[in-house]
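Trainee: Residue-level listing of the chains:
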Amino acid sequence: MLDDLILGMAGAGGDGVVSAGESLLSAASSEGYHALMTKSFGSQIRGGESSCRVRLSTKKVLNPGGALDVMVALNWDDFFKFGAELPLSVDTVLIYEEKAGPPPETLKARGVVPTEVVPVAIAELTKKSAGTDKAKTSVVLGLLSGWFGIPSEAIGRGLKKKFGSKGEGLLEANEKALASGIEYARAHPLRTPHVISKPKGPPGSKMLCDGNDMCAAGALFAGVKFFGGYPITPSTEVMQTLTREIWKYGGTVLQCEDEISGIGATVGASFAGRKSMTATSGPGMDLKTEILGLATIAELPLVILNVQRGGPSTGLPTKPEQGDLYQAAFSGHGDVLRPVLAPTDVEDTFKTTVDAFNIAEQYQTPVIILSDQEIAQRKEAVDLIDTSRMEIIERRAPTEAELAEKPYARFALTESGISPISHPGMRGGTYLAAGIEHNEKGDPTSGGTMHAKMNEKRFRKLEPLKQRTDLFELSGNPKAPLALLAWGSTAGVAREAFQLATAQGHDVKLLVPYLLYPIAEQVYAGFFESVKHGLLVELSHQGQLYRMLRMFIDVPKGLKSFCRSGANPFQPAELVARLVELKGLPS
Amino acid sequence: MNAPVFQAKDYKSELKPIWCPGCGDFGVLQGLYRALSSIGRPPHEVAFISGIGCSSRIPGYTTAYGFNTVHGRSLPIAQGVKLANPELLVVVAGGDGDGFSIGGGHVPHAVRRNMDLTYLVMDNQVYGLTKGQLSPTSPRGLETVTSPFGSLEEPINPLLYMLAYGAGFVAQATPADMPGMTALIEEAIRYPGFAFVNIQSPCVTFGEDDQQLKAHKAKQKSLASLGHDPSNQLAALDLARAYGTELYTGVFYRNPSPPPTYESLVKLRQTEQAKKARPRNQILDAYLQK
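Read top to bottom, the protein sequences are chains A and B. Its first residue numbered 11, the first sequence is counted upward by one per residue in the working numbering. Its first residue numbered 2, the second sequence is counted upward by one per residue in the working numbering.
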C-alpha cells in the first residue's frame, strides 16, 4: 500500500482531462485524503493541449511532487507538449489510448522509459459502455479507481453532482463508462500493484480550494470593503470570488477600465477609510507602480496581490516564476520601503493575506503579496484552517480628544513613525493627502529638511517588521551546518527535500521567509551562524532573493543560489542530491 | 432668508495659491467656495480629488478633505472615494492635460458608471505648470515650446466627448462671468449623477490673447440667450461643435430624468446580499467538502 500517489493526465482541450482531475480531487478530498492538483494549458482560449497532475496522500501534501506514479496520455502530441510538468520515471505506469499507437521514439529521447506501459482502448470502451464518446474521462476515472484504489463511490457521487442537473442520459452514460473502466482494470491487473492506503482523517474534514480562493477568503476575513481591479491571468479568480462575496459584507468590487484605474480606485477607497485591495500579475504590476508610490507618500493602507507568472512582458502567462521580487521590493522612483510578503502554499495564502492587511493597516503602507501561478491556481484539499487566534488590526484613527485638542496633524512625527489617520467624513480631521511631499499637517513642501524627516519617518515606522520572527518558518536543528532556504511555492519542494534529507541522516535545517522585504537582517544572521553549506532555491533565472540578501547582509560563502527559470518546477530529490554534493565541498 | 450655515470663507484654507497673479483659477476657486456655501455641506463631508497641474492644486486651498493625486488619475481615485463612502460630496478638479491627455482613457468609464461626481476641468489650452507646452485642447497651428512651428493636430473637443459618452450634465463656464460660473458649479454639484463643467480658465502667462478674461467677456454667449433647451441632447451636440470658435456658456445638456447612480445600485445589491453574510469565523466553511 502506498501513502502517496501522483497521477498525470494529458489530452486535447476538449478531452476533459482537467475536469477529470477535478473529479478525482473532489472524490479524494471528500473521502478525507490530502490532495493537490495543478493544471497546465497551452495559452489557447479553447482547445489546444491541456494537462493536470493530481497528488493524493494520507499525509499533508507539500508540493505537486516529482516524477509521476501514473500517467494517462490520451494522445502523444499533447502529452509531449508538457515536458517538465509531466516527468516520467522507470517506475511510472504509463497508460495510453491504444488508438494513438505505441509510444513514439520521442519517449526514448526524453531519457526514461517506464517499464510498465499499458495500452487501453479508451475510446472504444466508452463507445461500448456509454454509447457515446463524450464520457471518455469517466472510463479513465474507472481505470484509476480500479487500479489504484481511489474509492469509486466518491467518484460516483462526484459524477452525480456534475451531471445530475444536465439530464438523466448524460449522468447514466458517465456512470456506465465509470463502471466499465473499473471492470476493465479488475480484469487486467497491473504487473506491479500501486494501491493507495485509506485516508487517516474523517470524511468531510477538508476544504477544497486554490490559492486565489484563500486570498479572497483571507481578505474577507480581514474585513476588505473595496476591491478595484482588472482581469489578468493568473490572478483574476480573486476578483471573481470577491465580486460574488463582498456585497454581503457591505463592500464593493469595481472592475476598472485598466490596471492603473484598478489601483487608483483602491487607493481612493483607502483614503476614504475602507480596507482596500487590488490584485494583478506582472504586466499589471508594471502599470500600478506610480500609484504605489502615491500610497507610500500619502501613507495609505493598501494590499496588492501579485500572482507571479513568467516574464518579462507577456512572458509565460500561465506558468509560475519567482521573477518579480526585485519589482515588488524596488519598483517605483524615490527612496521607498514597501513590505513584501509571500505565501508558500494554498493554505497559508489565507494567513498571509490576513497578515498583509494587518501590516498595511497598522503601518499605513501598501503591502505586496507575492503569490505565484502554482499556488494561486493549484486546487488542494487541505484541513480546515483554525482562525480562532487570528487577530484583525484596524488603522489607528485620531480620537475625538486628539482632534479637539489642537489642529490635526495627519503626518505628525511620532516616536513610532505612525500618525493617527483620519478619513473624509470625520469632523475635525480634514487634511490634504498628496503625492507631493508634505509637512506634518499635510501641506505641500519642497524643503529638504522636512523631506528628510518624512522619509526617515516612513522607513522608521516599518523597522519593527524586521523583528517579526513569526513571519519566518524555521525547521530542524538550529545549529545544523547544512541549510535549505526557499520562499513562495518553491518552499513546498524545499520542505519535502528537508524531510528527505533529515530521514537520510543529514544534519540540515530549513528557513522559509514569509516576509521578503524589508530584509530581516537579524533573523538571517542568526540562521546563518552555524551554516557551512546551503542552498537558496528559487524559480527564477537570477535567484533574486539570494542577491538581495547579499545586498543587505553577509551571506556564508558556502550558501549557494540554486535557481532556474520559471515553468521548470524543482523536485525534492534533486534538492537533496545538490545538498549532498555541497556537503562534500570545503566550506 | 437665513444666512448660510457655512460662509464661502469657511471653505478657504490658509494655503496661498501658487498660481500666477491674474490666473483664471483664482476666479474658479472663489466660485467654488460660493457654490459650496450655497449647498451648505460642512467641509469635512466634502472631498476634493485632483491630479497634477496648476488647477489640480485646488484641493489644498480648501478646508475640505483633499487628495492631490498623480497625473491623470483623479477620476479613478475619486470613484474609489465615492464607492467607499457614498455620503461624501466628491468634486474632481483638474486641467485639460490631466483630464483629456494623460487621463483621457478614464473619462468615458467615469461617465458611463454615472457616480454622483462633479468633474470641473479648468481648460486653458496649454500646459502651464511645465511652462507652456502644447495641450490636448490647443488649437491647430498653436506655436508653443513643443510646437515651435505650430501644432499639427486638431484639438479634442471636451464638450462633444462628454456628450457622446453619455454624461447626464454637461456645461461650460468662464470666470469672466462669476455669477454665471458659480451658479453652474452649484447646479453641477446638485445634479444627481456624473456632471461635467468645462471652465475656460485663462492662463495669463502662456495663454493666447484671445483666451484671456477680457476676450472671454466680449466673446461669451449664454446658451440661454440663444434659446437653447438643455433637455435637448441633439441640439446640445450641435452647439458643442462650436468649441474652439464660439464661447458658449451655460448648460449644454441636463438629463431631464437622471438614471440611478452607480452607488445607489451598489447599495441595493449590498442590502439584497447582506442576508447571505457568514460570521467571520465561518467564512472558510464555504470551501468544506461535504
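If you're looking for bench data, these hints aren't it; they were derived computationally from the structure. Some clues are possibly wrong.
Said to hold, decoys possible - Beta-carbon label-pair distances, calculated as ranges:
#	chain 1	residue 1	chain 2	residue 2	range
1	A	P417	B	Q134	47 to 55 Å
2	A	E415	B	E88	20 to 28 Å
3	B	E88	A	E425	53 to 61 Å
4	A	T455	B	P280	41 to 49 Å
5	A	T299	B	T131	18 to 26 Å
6	B	E88	A	R560	49 to 57 Å
For every residue, glycine included, the Cβ atom is placed at its ideal position computed from N, Cα and C.
Trainee: Indicate, hint by hint, whether the structure satisfies it.
Mentor: Taking the hints in turn, this is what the structure says about them:
1. P417(A) <-> Q134(B): 47 to 55 Å: 38 Å, violated
2. E415(A) <-> E88(B): 20 to 28 Å: Taking Cβ atoms as reference, E415(A) and E88(B) lie about 26 Å apart, which means the hint holds.
3. E88(B) <-> E425(A): 53 to 61 Å: 35 Å, violated
4. T455(A) <-> P280(B): 41 to 49 Å: Holds: the Cβ-Cβ distance is about 47 Å, inside 41 to 49 Å.
5. T299(A) <-> T131(B): 18 to 26 Å: 21 Å, holds
6. E88(B) <-> R560(A): 49 to 57 Å: 52 Å, holds
When each numbered hint is compared with the structure, violations occur for hints 1, 3.
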